[in-house]
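> Top to bottom, those sequences are chains A and B.
Using our numbering, you'd call the opening residue of the first sequence number 1 and step up by one each time.
Using our numbering, you'd call the opening residue of the second sequence number 376 and step up by one each time.
Derived by calculation from the structure, the hints in this document are not laboratory data.
Mixed in with the good hints there might be a few duds.
[As the list claims (entries may be wrong)] What follows is a set of in silico ranges between Cβ atoms, one per label pair, in the way DEER data are often shown:
hint	chain 1	residue 1	chain 2	residue 2	range
1	A	Ser159	B	Asn515	20 to 30 Å
2	A	Gln148	B	Val545	48 to 58 Å
3	A	Pro35	B	Arg407	51 to 61 Å
[Claimed, not checked] Coverage of chain A stretches by chain B, computed from C-beta distances (three or more under 8 Å per stretch; other residues unrestricted):
hint	region
4	19-31
5	247-254
We treat Cβ as the ideally placed atom computed from N, Cα and C, and that holds for glycine.
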Amino acid sequence: MNHTEILDRLNDYADHSLSVEEQSEVEKHLQTCEPCSREMQKLDNLLKQTQGLAGAIEPSRELWSRIAPMLGPQEPKLIPLPSAFHRSGRWGFEYNSWVRYSTRIAAALVVAVGGFWLVSRPSPRAWEVARLEGTPTIGDQHLTLGGQLAVGDWLKTDSFSRAQLTIADIGHAEIGPNSRLRLVATRETEHRLEMTQGQMSAWVSAPPRIFIVETPSGTAVDLGCSYDLFVNESGNGTIHVTSGEVSLESDGKESFVPTGAMCETRRGFGPGTPYSDFSSEVMRKALRQFDFEKGSAKSVELILQNAANVDAITLWHLLQRVDEPARESVYDRFATLIPPPKQVTKEGILRLDKNMLEDWLNEFAARSFSLKRLF
Amino acid sequence: MLAERLTMNQPPAQKPIIGLTDTVARAQQGDRKAFEHLYREHVGRVYAVCVRILANGPKAEELTQDVFVRAWQMLPSFRGEAAFSSWLHRLAVNVVLVHFRTEKRREARVTVVEDLTIFDRAQNSGSPGENVDLEHAIANLPPQARTIFVLHDIEGYKHQEIAEQLGLAVGTSKAQLHRARKLLMEVLNQ
Chain A
1 MNHTEILDRL NDYADHSLSV EEQSEVEKHL QTCEPCSREM QKLDNLLKQT QGLAGAIEPS
61 RELWSRIAPM LGPQEPKLIP LPSAFHRSGR WGFEYNSWVR YSTRIAAALV VAVGGFWLVS
121 RPSPRAWEVA RLEGTPTIGD QHLTLGGQLA VGDWLKTDSF SRAQLTIADI GHAEIGPNSR
181 LRLVATRETE HRLEMTQGQM SAWVSAPPRI FIVETPSGTA VDLGCSYDLF VNESGNGTIH
241 VTSGEVSLES DGKESFVPTG AMCETRRGFG PGTPYSDFSS EVMRKALRQF DFEKGSAKSV
301 ELILQNAANV DAITLWHLLQ RVDEPARESV YDRFATLIPP PKQVTKEGIL RLDKNMLEDW
361 LNEFAARSFS LKRLF
Chain B
376 MLAERLTMNQ PPAQKPIIGL TDTVARAQQG DRKAFEHLYR EHVGRVYAVC VRILANGPKA
436 EELTQDVFVR AWQMLPSFRG EAAFSSWLHR LAVNVVLVHF RTEKRREARV TVVEDLTIFD
496 RAQNSGSPGE NVDLEHAIAN LPPQARTIFV LHDIEGYKHQ EIAEQLGLAV GTSKAQLHRA
556 RKLLMEVLNQ
């Protein structure tokens with residue numbers, strides 16, 4: 001290495017990422033070259049000073065008082081997806097094994113009783129809107145403080161505006177800049193918005209399938225959760241679920257998006273295949289090819305090559321979306337990562353037995369997708 | 376720390392239960408007082424990583440809030456195979472990076488270093504004045520270079536992990552780190 005090359009590689013030298021030979025070559029050069037030695041000294045000082053930075057910085061004292069009221073119910077540890085039964089409208093297990101599922105039954109009863117209580121309350125006919133920033137509008141009215149969104153009204157924000165929307169009596173949503181949304185319906189059994197573009201962070205505490213957001217490329221059906229939804233000018237969207245689950249639906253196609261997962265939607269294609277927050281960029285690109293660019297066998301091959309434990313939710317969907325010849329390869333890869341429960345057979349999965357698919361989903365859904373790498 | 380991360384993908388049965396302290400166990404059962412205790416013990420570290428990456432005090436508090444709300448919700452699934460502090464710290468980094476990815480188009484253009492006195496609250500081990508200068512210089516770095524510098528040089532992440540999390544090539548992560556260090560050296564040696 002000449003002087004310039006060595007100067008370029010001082011960072012690698014400091015990080016010990018050079019080969020032994022290179023490391024020793026740089027070391028020798030530093031003993032004789034004044035400019036390189038000075039540069040190395042500066043870098044050393046910076047790294048030492050960085051190491052001396054505090055591990056902790058205290059936030060404002062009142063932060064806890066803002067967090068404490070937001071601590072709702074914790075996610076259950078062993079009860080997987082009471083809403084899975086909601087999605088399909090059946091229990092997904094055999095009568096003679098009911099004892100094993102008694103916990104699920106208890107959970108479902110809690111959901112059912114809670115749900116009855118929630119849906120039996122009268123809901124407000126218009127939703128409260130509070131201005132957070134800029135001047136959001138409802139129809140032609142500019143909001144200086146707040147207003148009410150009635151059925152049929154459009155709430156709009158420009159690039160400098162944000163608003164807080166109260167979703168009847170079941171939750172709230174923050175509406176980001178450049179958003180357009182309309183209240184379609186609000187009644188005890190359904191609260192429905194249309195969102196043609198923009199950003200929304202929603203938090204909902206209600207039985208599944210009560211809060212629904214239509215976008216040009218798919219409909220987000222809340223299964224009891226909080227999520228962020230982005231819809232661009234073309235009507236294509238991305239949903240990121242931060243707790244609970246969401247079902248994205250369009251023309252009979254359904255994507256089930258759990259906590260810590262994302263899903264993209266495209267006009268003309270509907271919802272794509274969900275993926276974890278931790279899925280690699282290679283995986284995401286391959287999925288886009290598969291979902292929205294008439295995915296070839298090559299993209300499936302790429303997905304399977306790059307699949308890791310965190311991609312369980314992706315592979316589960318993929319089983320149902322690939323052609324029959326590719327399904328066996330998806331099964332094999334998925335089974336290596338997440339072994340199926342005893343009652344699930346390869347033959348059953350290859351013929352897309354719904355009970356077995358749900359059992360396999362429940363097998364890994366109890367674990368947190370988003371925190372997979374933490375455990 | 377690296378060894379801890381490398382064990383994360385092993386089968387659960389092989390891992391010792393080291394993170395389930397009495398306080399964590401009580402918080403897992405829904406004890407809010409125990410969770411508040413965990414909050415007080417760990418909030419400084421969580422806030423530090425948020426505020427250093429975002430260079431925006433109010434936004435960092437918002438994300439710190441998200442981290443603890445998510446930690447509370449997900450605590451029953453914590454099996455104690457890593458220390459609670461590592462689990463929480465990883466969660467904080469993930470929350471910030473997800474925010475960074477989803478918001479970067481909107482916010483990357485506008486670096487909002489609103490209140491640098493937040494760094495005066497840091498309990499630094501070196502010379503306090505010098506460290507505040509360094510904190511200010513880091514906060515003024517371009518967003519991507521700042522994120523990578525904080526993750527690599529302060530939090531100890533490897534380029535491979537950073538590249539995966541941010542959806543970049545490893546080479547880009549290295550180049551951004553070198554850029555950040557160069558800018559910091561220039562500022563600190565003025």
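> Could you run down the list of hints and mark each one as holding or not?
The hints, checked one at a time:
One distance hint, 20 to 30 Å for the beta-carbon pair A:Ser159 and B:Asn515, holds here, with the actual separation near 25 Å. Distance hint check for A:Gln148 and B:Val545: the Cβ-Cβ separation is about 52 Å, which falls inside the suggested range of 48 to 58 Å. The beta-carbon spacing between A:Pro35 and B:Arg407, approximately 59 Å, falls within the hinted interval of 51 to 61 Å. Counting residues of the region 19-31 of chain A whose CB lies closer than 8 Å to any CB of chain B gives 0, which falls below the minimum of 3, so the coverage claim is violated.
A count of 0 residues in the region 247-254 of chain A with a Cβ less than 8 Å from any Cβ of chain B is obtained; the coverage claim is therefore unmet, three being the minimum.
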